Every structure is written in structure tokens, then in C-alpha cells.
Amino acid sequence: MRNTPLTSLSGAVAPLLRANVDTDAIAPSRVKLSVDASDLSSLLFREWRFDANGAERPEFVLNQPARRASVFMLALDNFGCGSSRETAPWALRDFGIRCVIAPSFGAIFRANCIRNGIAPVVLARDLVEQLGQQAHADAAITLQLDLPAQTIRATNGFATRFDIDPGAKRMLVAGLDAIGLTLTRLDDIEAFRAADRLNRPWIYPAAAPAA
Amino acid sequence: MTPPRTLFAKLWDMHLVAALDDGMELLHIDRIILHERAGAMCMRQLAKTGRKVYDPSQVFGIMDHVLDTRPGRTDATTLIPNGQTFIEVFRAEAGAAGFSLFDLGDVRQGIAHVSMPEQGVALPGMSLVCADSHTGTIGGIGVLAWGVGISEMEHALATQTIALKRPRTMRIWIDGGEIGAAVSAKDVVLHLIGRIGAAGAVGSAVEYAGPVVRAMSVEGRMTLCNMAVEFGAWSAVVAPDATTLAWLAGRPFAPTGAMWDRAAESWADLRSDDGATFDAEIRIDIADLAPQVSWGTSPQHVAGVDGAVPRLETIADNVARGATETALHYMGLAPGQRLRDVAIDAVFIGSCTNARLGDLRAAAAILRGRRIAASVVKAIVVPGSSAVKRQAEAEGLDTVFRDAGFEWRESGCSLCFYGGGEGFPPLARVASTTNRNFENRQGPGIRTHLMSPATAAASALAGHISDPREVTA
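If you're matching them up, the sequences are chains L and E in order.
Here the first sequence is numbered in numbering that gives the first Met the number 0, starting from 0 and rising by one per residue.
Here the second sequence is numbered in numbering that gives the first Met the number 0, starting from 0 and rising by one per residue.
Next up, chain L with everything else stripped away, as it sits in the complex (with noise of 0.2 Å):
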């Protein structure tokens, strides 16, 4: 499926400045699933942003009036980490957050988020550091994305170029069907299976063995 290419982007951050987030904190297990896609947006941060009887912890960041419409979040290393369930980004998606900023992310969720229309962006700690103890100060602080130009920019003057693969970038700006574009390349896949099953038949089985 294709998703909304992402190029710019502009508004509210919120800062959430904990090393370590893991995907259970993102989208915590306990909450009834379809198995098909629907909007997620309640089960974001479900545990810290709600306490038991569902009223809102006012404390938490996406609870701030001024960051209740947060298109950025800020976070410390290793963001994502844990749980590979895209119910992560896709929660954070629906949320309304199409950019998340760290010095480093999950492996399996920064995948899922490229597939998902969100960009993960790498900045240096004390680059996250500094622009998210600014954000937190001051609620008014709006953020800019521009995925092209390889830019954030916020509203105090902060500005700095980030790195993002290449392949990652063209996935987010167009938008791209992942599927479609790798069945462009069957002719290279069928070749590469003939070739190997005669090198290693065991990888095709004939028929499953019996129960």
C-alpha cells in the first residue's frame, strides 16, 4: 500500500525526554485489537497517558494543551526499542506524529516507521537534549521538517542538517508501494531461486513431512 508522501512538515513537539522507550510503553498489549487495521490513536502511550479508570494523566506530554496536536516527538536514545508490533508507529501515525527525533531508534521500529509515512531522524544527544529541555520550557516552540533538504528547524532558531539513508528517504518523500516496487524485480527473484535450488534443494521442500 502506498502511504502520504512526507516532505515538509511544521507544528507543535512534544518532548519526551527518556532514554529506552520501548514499544510496550508505545502501544501497550492490553488493549483489545482487530485484526484489521483501525484507528489506533487511543492506544498511544495508553498507560502514562491515562491512568486506570481511562481519565487523562495531566502530567503527560500529549496531555499538555499546547502539544495535544504534537506532529514532532523528541526523545533520548534507542527509542522503539523492544516489541517489533507496528502497532507502535501506527498508533503514533493515527496520534496524528509523522516525525520522531532521537540519537538512536529500535532497529525493527525504525523500519516500521519508514513504512509507515513517519520519519525517524538522528540527531546527536546533546543536539536532542538541548532542543527538547528548549521545548519543554516553552510550549510555543514549533518544529520544521524539511525531508529533502535534510533539515529541522524550530521557531527559537534552532536549526541543524540530519542524515537519513537514501533508500529510507525516497521511501517517505514518494511515498513508495514497497511490494509493488520490489515485484518490479520478480524476473531477478525467480533467477536467483533456480540457481539456488540446485546448490541448496533442501531450502525448497517438496511436501512438509507428516504430524
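It is worth saying that the hints were derived from the structure and are not from the lab.
Be aware that a few hints might be false.
[Unchecked claim] To give an idea of the chain E side of the interface with chain L (calculated C-beta under 8 Å), a few residues: (1) ALA39; (2) GLY146; (3) LEU426; (4) ALA427; (5) ARG435.
[Said to hold, decoys possible] List of simulated lysine-lysine pairs, DSSO-like, C-alpha gap at most 30 Å: (6) E/LYS9 / L/LYS168; (7) E/LYS9 / L/LYS31; (8) L/LYS31 / E/LYS47; (9) E/LYS377 / L/LYS168; (10) E/LYS377 / E/LYS164; (11) E/LYS164 / E/LYS51; (12) E/LYS164 / L/LYS31; (13) E/LYS164 / L/LYS168; (14) E/LYS164 / E/LYS47; (15) L/LYS31 / E/LYS51.
These figures come from a predicted structure and were not determined experimentally.
Built from N, CA and C at the ideal position, the CB exists for glycine as well.
Since the structure of chain L is already known, use the hints to place chain E on it.
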């Protein structure tokens, strides 16, 4: 002469279909593993786009996440809201697509990462993906295995490939001692995470090597690989050797006869060449390693069982200090508190980390002829697969666990997280052989202490965190 290559480079190159634009490469995927939680969603998504499974003979489904583990279980006994739908949809989709399913009631059912190598579905030199972050476990037998999300899984199902950028490599060399029952692979990997941190190898392809790994059982190697994701690794692998081949020979899906010989011959090259270079190298020495226990809410928060929770003033980095403070608040522990003084309410022996036969034997050896402390209100053993359960019962281990006061369960992911929809009593403190001590992972407010099966068993007897080396035979 070809330059020396790492095991990882060999595994990568043998699956390379094509170099793509932008530094991406297209890799062939030899085995695709689906469980019912992600699998049901994934098959539905695929159907929506009108795409089909490329080669069902290379896809294997299994029930582990949603399925209940209580005795007498059925589809309907799962406590996960809407869980039965996931089970039923996944079963129907597997049937329609025509791939094998290790279903409820099948002895091949179990936790995916335990059952697939045990059945010989996964073999050295394969590339394998599963929509689960602990897929790297299977690297313990020399498989290039990694976890993916649902979208990437759809890609694998529809094309039998995944497009990736070649990751950085890291070798972790383990030296200096012997693994026994009281100091296990789990202790080694917990110690390692404590040392390099939860982001110590973000995105890297890790190879475990060195004399300790060579001497280690296949089960122990899988425990090491299982927790590589807890220090951020993309995958982890151990070079297959005679130990691996002896372990795999005769497994139901493994090749036989001349085909086995041919496969085994090809596997002999699956090792890093002398002189191969890695982007990063780490050496750890496990001489004098004590059993390890986690005290916080990240797997990097670990100490020896004879140690203590850190004092905040000893932590120079302000982020680490803040994280420690948050973790101790959640865990209800005081800075400087001795770990052995920490009373536990519950014990969980299970998960893709530590529920293979050797793990159950290690715990049973401690528990045999003893009773868990009266203060331990819930103690559960969940075998890693139905085959492990059957074998353990043949050895009488179920009786040892039951006599000690444990529940003996059917196989599945169970209380490692929300498997089957269960949780521990609110705020319970749990001695757990699992891989994640994240906030709320095992239930709202649950305080998880990660440890080995032997340490969990010793702690169950004492009613507080306890050193298995002090339980005399």
C-alpha cells in the same frame, strides 16, 4: 584470493538477489514464520491489496501469543479481548494460503523461536524472518534470523524477499570460564547488556564467538541470541559446529541421508574466516561471574545476585541517573538496597529465552524435594514447546515442579507479556526467566526481575531473590 569474510557476510551474500538503488539490497528469505497475533493482521492486510503468498511451502505458522496456556485450553479460553478471532482468522488464512500451521493440539505447537529450530524447520545457513522481535533466537543454530513488523512481513510473504541496507557488524567474544547450571547463558547475556547498555549494538549484526560459546549447548546459544535485541542488535548468530549438527540431525523437517550430508558439508563453511574484520569487537570475561539479576525497567539494569541496586550519586550521566530514579520508583526499590533482601510474590519460568528442556532441568534440579515459600502466591512453569513439555513429563519434571508448588502449563508465550491474556496480581514482584523487565510488561504495575531458571527456582524456595549456588544438593 578472496579476502576473509565474516560469517554474517557469507550469510548475507548467499541470499543476495540484487543490489537496489540507494545502497539497499534485496535478500531472499528462506523461511517465513508467522504467529497468530501478527499473522492474522498480516494475512488480512495482504488480502486487502489482492496479493498472494509467493511460496507457501516456505511459510510456517504457529500459535503462541494469543493462545491460552492453562490446562484444558481451547480456542475460546484465551483471555485476550477478541483473541479467539485472531486464532480463528489465522487458522482460516493459513488454510486458504496453504502453509503449514503448528496448531493447538499439535505436538509441534510451541513458542515460534523454540519450535522452529526444534522441528528442523530452521536450519543453518537459512535466512528467516518472523513478525516478532525475538526471532534472532534462531541465530543460535547459524541462521540469519531477524524480527520484522507487519508491513515488512507482508513484503516477505508477497515477494519471498526483504529489501535492506547492510548492517554494521559486531563480534562479541566470550572467554574466561565455564557455563554450568548455576551460572548459565542467561547470566552471561544479562551481564553483557549491563555492560554495553540497551542501545549497545543498535542495528548491528552480532556474532557471538569465543571458547565459552564453543563449549556452550545449542540451547544456551539460543538464549544468548534471544536477548541480543535487548542491546539493540538487528540479529545475532553463532557459527554452526559439530554440537549444532548433532543437535539438528534427525529432526522432523531436517534433510536426511545424502541430502543431509550435502547440507552439512555446505554448513562447514559457515564461520568467520581468520582475519575477517568487524565494525566493532567486544570481549567479555566471565571468570568469577555471579548469577545476574535485573533491578530496574531496562535489561541493562542488572547486577550480580550478591550485589545491590546502584546509588544515584555514583551515576555521572544525568540521563542515566534520571532513568535509574524513574526505574527505582516504578520498582519500589531504594538506592543501595541489597538484591538478596528483595522479597518476591511470584515466579515465572518460561519464554523463548529460557523454556527449553535444559532450562526446565536446571530449575527442577534446584526444586526437587522442596517447596516454594508460602509468601510466593503464584509460581508457573510454561514449557517452550509442546514437544519440550512432553519430554519433560517423560523425565518426571512436571511432578517435581508440581510437588514444589508450581503450576504446570501448556506451551506458549504466556506471562512473559500478555500472552493468553493473563497477568500477575497488581503490583506483584516477579522472579522471571524472560527477556524484558519493561514497565507494565507482565501486567499493570508488575515489577519484573530477570534472571536464569536456576536463580528463579532458588528465589521461589526462599521467597526473596536468592543465589542458586547456595542451594545444596
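Next on the checklist: For each hint given before, does the structure comply? Return the numbers of the non-compliant ones in rising order.
Outcome noted: Of the numbered hints given earlier, those the structure breaks are 3, 4, 7, 9, 10 and 12, listed in rising order.
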